[in-house]
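2 protein chains.
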Amino acid sequence: MENGVVNLTDKFSRINEHWSPRIVAAVNNFHIKLVKLQGEFVWHKHDETDEMFFVSKGQLTIRLRERDVVLGEGDLFVVPRGVEHCPVAEGECEVLLIEPAGTVNTGDAGGDRTVADPSWI
Amino acid sequence: MENGVVNLTDKFSRINEHWSPRIVAAVNNFHIKLVKLQGEFVWHKHDETDEMFFVSKGQLTIRLRERDVVLGEGDLFVVPRGVEHCPVAEGECEVLLIEPAGTVNTGDAGGDRTVADPSWI
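First to last, the protein sequences are chains A and B.
Sequential numbering from 1 applies to the first sequence in my numbering.
Sequential numbering from 1 applies to the second sequence in my numbering.
So here's chain A without its partners, still in its complex pose:
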């Protein structure tokens, strides 16, 4: 990180927890976060912001109320603000998130899976 270059493979190899986003870069008021997912998260929404998911490895399903969005490696998808969604990953999946700094992983749902203040890695 000394030279500012962020290698995704390297960063993901240092993430051991699921559902715990880590910040790797800031672009103005946005944070780029990496997160490993496995299993089912909680239904939630972000009323104030869109949220971008990019699948770096594995497969991710983003359940929406009216349909499932299935993402494989190299796929990205934007969940618009206010839209309820629930990420689900059968196997382990590596995801890059783009959203404003301060966006909380559980959105309006809260609860014990909330990571209110993710750390940099």
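Since the hints were derived computationally from the structure, they do not count as laboratory data.
Nothing here was measured: the structure is a model prediction, and the numbers come from that model.
Heads up, the beta-carbon is just placed ideally off N, CA and C, and yes, glycines get one too.
Fair warning: there could be bad hints in the mix.
Stated by the list, open to error - With a cut-off of at most 30 Å between alpha-carbon atoms, the simulated DSBU-like pairs for lysine-lysine come out as follows: (1) A:K45 x B:K11; (2) B:K45 x A:K45; (3) B:K11 x A:K57; (4) B:K57 x A:K57; (5) A:K45 x A:K57; (6) B:K57 x B:K45; (7) B:K45 x A:K57; (8) B:K45 x A:K11; (9) A:K11 x A:K45.
Unchecked claim - Sample of chain A residues at the chain B side, in silico, Cβ under 7 Å: (10) G4; (11) V6; (12) I15; (13) I23; (14) V27; (15) E48; (16) T49; (17) L76; (18) V104.
Model the placement of chain B on the given structure of chain A, informed by the hints.
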């Protein structure tokens, strides 16, 4: 694109020009752009915004005035606002850019390589 899923390989396969960014997604006021690069661009800076480069394929060197930043596949780097830079790619390189909508590729430099209004793909 009907279902909102953006596959990078598919999108890049439909880009034939170099140095001509195409928009694939919007996240609030930010655009996600894809661009194929080969050769040397122009020195420029963006006084009003940071700019993120993520190398999806190939190798990209971002020349800064004091050093070169070499990026391989899976590497990302943020050029801070106001910092002069010149992207150079010896072979063809596929890059994902994250920056505010309206950010012009040539920044303060202008000139005939400017794409002021990139189209969606």
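TODO: So, A:L76 near chain B? Judge it on the closest CB pair being under 7 Å.
DONE: holds (5 Å)
Task: Straight-line alpha-carbon gap B:K57 to B:K45, limit 30 Å - done: Holds: B:K57 and B:K45 sit about 24 Å apart, inside 30 Å.
Task: Interface restraint verdict for A:I23 against chain B (beta-carbon cut-off 7 Å) - done: violated (12 Å)
Open item on the list: For B:K11 and A:K57, compute the direct alpha-carbon distance and say whether it is at most 30 Å.
Closed with: holds (18 Å)
Open item on the list: Holds or violated: B:K45 and A:K45, Cα atoms, limit 30 Å.
Closed with: The given pair, whose Cα atoms are some 36 Å apart, is violated under the 30 Å limit.
- [ ] Please verify that hint: A:G4, Cβ, nearest Cβ of chain B, below 7 Å or not.
- [x] holds (6 Å)
- [ ] Classify the hint on A:E48 as holds or violated, based on whether any CB of chain B lies nearer than 7 Å to its CB.
- [x] violated (9 Å)
TODO: Given the hint that A:K11 pairs with A:K45, test it: the Cα-Cα distance must not exceed 30 Å.
DONE: Given pair A:K11, A:K45 holds - Cα atoms ~27 Å apart, limit 30 Å.
Task: Cut-off 7 Å, beta-carbon criterion: hint that A:V6 touches chain B - done: holds (5 Å)
Task: Supplied contact hint for A:V27, tested at 7 Å Cβ to chain B - done: holds (5 Å)
TODO: For the pair supplied as a hint, B:K57 and A:K57, confirm whether the alpha-carbon distance does not exceed 30 Å.
DONE: holds (15 Å)
Open item on the list: Next pair to validate is A:K45 with B:K11; report whether the Cα-Cα distance is within 30 Å.
Closed with: Answer holds: A:K45 to B:K11 is near 28 Å, not above 30 Å.
The structure does not agree with the numbered hints 2, 7, 12, 13, 15, 18 stated previously, though it agrees with the rest.
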